[in-house]
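Chemist: Line by line, the protein sequences are chains V and P. Residue numbering for the first sequence follows this note's numbering, beginning at 1 and increasing consecutively. Residue numbering for the second sequence follows this note's numbering, beginning at 1 and increasing consecutively.
Among the clues, some could well be false.
Going by beta-carbon spacing under 7 angstroms, a handful of chain V positions derived as facing chain P [stated by the list, open to error]: (1) Thr106; (2) Asn126; (3) Met129; (4) Arg131.
So the derived label-pair ranges between C-beta atoms look like this [unchecked claim]: (5) P:Glu91 / V:Glu91: 53 to 63 angstroms; (6) P:Asp76 / V:Ser38: 32 to 42 angstroms; (7) V:Phe161 / P:Ser5: 31 to 41 angstroms; (8) P:Leu37 / V:Glu79: 19 to 29 angstroms.
If you are wondering where the hints come from, they were derived from the structure by calculation, not from laboratory data. Ideal Cβ placement from N, Cα and C applies to all residues, glycine included.
As a plain string of letters, each chain reads:
There are 2 protein chains.
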Amino acid sequence: MHTTSTFIDRLNAAWTTRNSLLCVGLDPDPAKFPAHLSGGPDAIFEFCKAIVDATADLACAFKPQIAYFAARRAEDQLEALIAHIRERHPEVPVILDAKRGDIGSTAEQYAVEAFERYRADAVTVNPYMGRDSIEPYLAWSDRGVILLCRTSNPGGSDLQFLDVGGERLFERVARLAAGEWNHTGQLALVVGATFPAEIARVRELTGDMPLLVPGIGAQGGDVEATVKAGRSSAGSGLMINSSRAILYAGKGEDFAQAARAVALATRDAINRYR
Amino acid sequence: MHTTSTFIDRLNAAWTTRNSLLCVGLDPDPAKFPAHLSGGPDAIFEFCKAIVDATADLACAFKPQIAYFAARRAEDQLEALIAHIRERHPEVPVILDAKRGDIGSTAEQYAVEAFERYRADAVTVNPYMGRDSIEPYLAWSDRGVILLCRTSNPGGSDLQFLDVGGERLFERVARLAAGEWNHTGQLALVVGATFPAEIARVRELTGDMPLLVPGIGAQGGDVEATVKAGRSSAGSGLMINSSRAILYAGKGEDFAQAARAVALATRDAINRYR
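Isolated chain V, as found in the complex (with noise of 0.2 angstroms):
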């Protein structure tokens, strides 16, 4: 299935037999482990795959942050955990949300890490130095790429909402994903949660291009202005992460079960709206 159909073929998969949005982001961090899981060698890879296991019927996608794996030396349980994903839950695609960017020659490496060494679907790319920094991702056409456009931090706004020329530069940077950098059908968009009227207007530029909205649950994004900004003509087009909310719902040995009640609750409350 994978070798024929691209990213966005699956996603869209996704989102009609899971009746779902949610996209489940992976930021594993140790200290906030439940006891019995601490101090194991691979205790990042069995975190992970616990709450990948107890949630995948939830999710359309999964979102695993490389800086988690990366700052503890866990590049291995990474690649294990993705590995796992595409073995147990081939339906549910895995976007690596590492940021890369970077000029073609070495954006080719970043793609082989991406693509080859990790086998996601897709990865997101900052769009700063622009479409030659973006084109080597595309050489695999099988997957995506999906770019920072209005990323939900406070800071976001300093950069993305300068005006250029009669619109802001998130603006510019939607316009360009949804028209002559999109000559391939495989980009998306990120687009912060915190932002709906912003959600809307991306919508507004890029018809129905997948978003990857960060910033529900501990960032503090409103769930049904997101849906609404955010739905496609189809009422999907969203992959809406939550990420702590789910991860950490829970202390105890059940931890899981306490991540899958959150996705559930956040999967519904989601539907609500579309």
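The hints should help you fit chain P onto chain V, whose structure is shown.
Modeler: Chain P only, in chain V's frame:
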């Protein structure tokens, strides 16, 4: 020495003791290695170590590009390489070229990766996500953060050249980096050598802030124009990076001596215009 002096102090010392503004970029591509190194389990480390030992007295900094290591599961070789530089050439600061950029909680993880795991003296960071995406790195007060400003690739103009209220986006980044974002004095900027007029403009906006300038050598930037445009009032202020032209100067067993010859010629060419 390392615990009490800052990245900027160490860079200043290296400029003086080496009489050099040359930064040697370490972008190891095994396909280009000399035949006698091919296939060894630590070929990446061995190749880079030979280059480092042959050029350390000519360099004001070393800049390993992490993608070349990550694409080949060679994080351990990157750790070993930086440990080698710190032990054998402690007077040459190490810049981890990683171009990270993420929300605060994730940026904290990337800072641990760069500064604790790899023990780099400085790291390159993308400014697109704004001030709070940079702040976590500054908690390591003896390290440096080198923000992308004007990059050397063709697509660099796509966003960086947009007019934002009477100045271009990269000028705004330069002003922010030289102003309120630099409250700890730990920032520097990346400005590509392919655009001397823009180097001059960034120099004008940033006083004597250190500038990392990639793009001479394989990317075609002009040494004379770069130095004249970018030198500080003291005739330094620049880390002029060359990677491929040095690394792959020779293809035989004497590749490190060939690299040294190019590094020496490049250092001297730079010094001619200080």
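Chemist: Each hint needs a verdict: does it hold in this structure or not?
Modeler: Verification of the hints:
With a cut of 7 angstroms, the hint placing V:Thr106 at the interface with chain P holds, because the nearest CB-to-CB distance is about 5 angstroms. With its C-beta approaching chain P no nearer than about 5 angstroms, V:Asn126 sits inside the 7 angstroms limit, and its interface hint holds. Taking 7 angstroms as the C-beta cut-off, the interface hint given for V:Met129 holds, the closest approach to chain P being about 5 angstroms. Hint status for V:Arg131 relative to chain P: holds, with the closest Cβ pair at about 4 angstroms, below 7 angstroms.
Checked against the hint of 53 to 63 angstroms, the pair P:Glu91 and V:Glu91 passes, with Cβ atoms roughly 55 angstroms apart. Against the hinted window of 32 to 42 angstroms, the Cβ-Cβ separation of P:Asp76 and V:Ser38 comes to about 25 angstroms, which falls outside the hint. Range check, V:Phe161 to P:Ser5: about 38 angstroms between beta-carbon atoms, so the 31 to 41 angstroms window is met. For the hinted restraint 19 to 29 angstroms between P:Leu37 and V:Glu79, the CB-CB distance of approximately 26 angstroms keeps it satisfied.
Against the hints set out earlier in the document, a violation occurs for number 6 only.
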